[in-house]
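Chemist: Those protein sequences? They're chains A and B, same order as listed. Using the working numbering, the first residue of the first sequence is number 1, and each one after it goes up by one. Using the working numbering, the first residue of the second sequence is number 307, and each one after it goes up by one.
These aren't lab readings, by the way, just hints derived from the structure by calculation. Be aware that a few hints might be false.
Straight-line C-alpha distance at most 20 angstroms; calculated EDC-like pairs for lysine to aspartate or glutamate [unchecked claim]:
#1 B:K326 - B:D336
#2 B:K422 - A:E21
#3 B:K433 - A:D3
#4 B:K334 - B:E323
#5 B:K516 - B:E310
#6 A:K144 - A:D3
#7 B:K516 - B:D336
#8 B:K516 - A:D293
#9 A:K78 - B:D332
#10 B:K326 - A:E50
#11 B:K422 - A:D59
#12 A:K78 - B:E426
#13 B:K326 - A:D3
#14 A:K78 - B:E406
#15 B:K505 - B:E383
Just a sample of chain A residues kept apart from chain B, beta carbon distances all over 10 angstroms, derived [stated by the list, open to error]:
#16 Y66
#17 R71
#18 P73
#19 M94
#20 P102
#21 C187
#22 R193
#23 D206
#24 L295
#25 D301
We treat Cβ as the ideally placed atom computed from N, Cα and C, and that holds for glycine.
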Amino acid sequence: MLDSLLALGGLVLLRDSVEWEGRSLLKALVKKSALCGEQVHILGCEVSEEEFREGFDSDINNRLVYHDFFRDPLNWSKTEEAFPGGPLGALRAMCKRTDPVPVTIALDSLSWLLLRLPCTTLCQVLHAVSHQDSCPGDSSSVGKVSVLGLLHEELHGPGPVGALSSLAQTEVTLGGTMGQASAHILCRRPRQRPTDQTQWFSILPDFSLDLQEGPSVESQPYSDPHIPPVSKNAKVDPTTHLTFNLHLSKKEREARDSLILPFQFSSEKQQALLRPRPGQATSHIFYEPDAYDDLDQEDPDDDLDI
Amino acid sequence: MFVELNNLLNTTPDRAEQGKLTLLCDAKTDGSFLVHHFLSFYLKANCKVCFVALIQSFSHYSIVGQKLGVSLTMARERGQLVFLEGLKSAVDVVFQAQKEPHPLQFLREANAGNLKPLFEFVREALKPVDSGEARWTYPVLLVDDLSVLLSLGMGAVAVLDFIHYCRATVCWELKLRILWRRPSQPAVHRDQSFTYQYKIQDKSVSFFAKGMSPAVL
Numbered sequence: 001m002l003d004s005l006l007a008l009g010g011l012v013l014l015r016d017s018v019e020w021e022g023r024s025l026l027k028a029l030v031k032k033s034a035l036c037g038e039q040v041h042i043l044g045c046e047v048s049e050e051e052f053r054e055g056f057d058s059d060i061n062n063r064l065v066y067h068d069f070f071r072d073p074l075n076w077s078k079t080e081e082a083f084p085g086g087p088l089g090a091l092r093a094m095c096k097r098t099d100p101v102p103v104t105i106a107l108d109s110l111s112w113l114l115l116r117l118p119c120t121t122l123c124q125v126l127h128a129v130s131h132q133d134s135c136p137g138d139s140s141s142v143g144k145v146s147v148l149g150l151l152h153e154e155l156h157g158p159g160p161v162g163a164l165s166s167l168a169q170t171e172v173t174l175g176g177t178m179g180q181a182s183a184h185i186l187c188r189r190p191r192q193r194p195t196d197q198t199q200w201f202s203i204l205p206d207f208s209l210d211l212q213e214g215p216s217v218e219s220q221p222y223s224d225p226h227i228p229p230v231s232k233n234a235k236v237d238p239t240t241h242l243t244f245n246l247h248l249s250k251k252e253r254e255a256r257d258s259l260i261l262p263f264q265f266s267s268e269k270q271q272a273l274l275r276p277r278p279g280q281a282t283s284h285i286f287y288e289p290d291a292y293d294d295l296d297q298e299d300p301d302d303d304l305d306i
Numbered sequence: 307m308f309v310e311l312n313n314l315l316n317t318t319p320d321r322a323e324q325g326k327l328t329l330l331c332d333a334k335t336d337g338s339f340l341v342h343h344f345l346s347f348y349l350k351a352n353c354k355v356c357f358v359a360l361i362q363s364f365s366h367y368s369i370v371g372q373k374l375g376v377s378l379t380m381a382r383e384r385g386q387l388v389f390l391e392g393l394k395s396a397v398d399v400v401f402q403a404q405k406e407p408h409p410l411q412f413l414r415e416a417n418a419g420n421l422k423p424l425f426e427f428v429r430e431a432l433k434p435v436d437s438g439e440a441r442w443t444y445p446v447l448l449v450d451d452l453s454v455l456l457s458l459g460m461g462a463v464a465v466l467d468f469i470h471y472c473r474a475t476v477c478w479e480l481k482l483r484i485l486w487r488r489p490s491q492p493a494v495h496r497d498q499s500f501t502y503q504y505k506i507q508d509k510s511v512s513f514f515a516k517g518m519s520p521a522v523l
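Produce the complete structure using the sequences and hints provided.
Modeler: Given below as structure tokens:
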């Protein structure tokens, strides 16, 4: 699933952390896109163009359209080199495409944009960019658009991350164990239930994606020597290490079976209801009829045979 | 500089790396010995050093520097060291009208958005001088420390922008080394993470492997 992330199109969030960085995966997906013949645009804000292109061979590098917002993103040097409107302007310009060629836009990083732009503006632009291929009534067939956004989870609060998450068609959360990286992929297809799976992977030096099985059970950390390791095929009994009791003893079972439910109408209950208890206070009903009331002295239950 | 630390980092003044950003973080302890170490290290490596010192006075660093074998006064006089004494400059910028934007201009402004004047000071200080001969090996920026900027009212994003510009223009363009200090939890790098215990003595620091008993030390 990891290698077909871009097939769906739309916004793909790559959520990384300091411990499990996501730029390598971003570069691997960019490489994949470029090799598939897609148009690839990079909005580079966080690292220099040199650093981003490092590791790609010249064939890939020639296919990348790099928008450099690293050197002078805030126009402090006051030269006119900077793209007017900054990274947001560049993103907006990509909304006006008319190409039938599928395109991938890599945001390095979405966190950089989220820290400096209002969340609502960013979400609106992202929505416009990633959905331009699905405009109803549009006769010209605009190619599929995928937007890959690298998001450093630890930098943002739950609000902005939640907003971006709701926009995303696919969310990839990076993690791992024992030095092995994993990607938890949550996929939202239209009119279908979201699917999720975990894929173990590694990125090779040339930024190819190497999908793996996952760390072996024997090498898991903190394994208790007193608990025998569970082999892959054995069914794990979930009731073994509980702090509460799921089983009934014979006596408990008998007591449960002989219990009378409160709303079960047995003969004892019927007798108790028909025989009024002594000392029961009689109750009075005071009724004030208003103009619309129909006072019928006939008892409507007269024909019932109880 | 502390020779043991050099050994741990596998570096010496004559073969230190360029174009890198090093973050010095301390949490619940004082990591200032690292600042003194790197200051003396890069002065001994014959680098051009710009030191933005917001925590202590010049004389404090000078006294410690002398214990470590460098003279900050002489380095400043011969142009090797550009020293921004934050404590003194702050008084100047607040109580005297400035003709030009001062590096600590944000102290005067109620809604200072960015640290552009400070960045321009750094860029100016580390700009290569066309004097024909290359006196210094490569430029180094040392900031002690970033959390003071946060305490003085700059937003985290403004500080990040300052770091970004220092990295982009100074680190990438001029290929120099930047060292920052800020208090926080240190980031664990997946590929290379080493943990040591240390003990500061009068003129040196000793490093030990984790778990050594104080009785052994």
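Chemist: Against the structure, test the hints numbered earlier, and report the numbers of the ones violated in rising order.
Modeler: 1, 2, 3, 4, 8, 9, 11, 13, 15, 17 and 18
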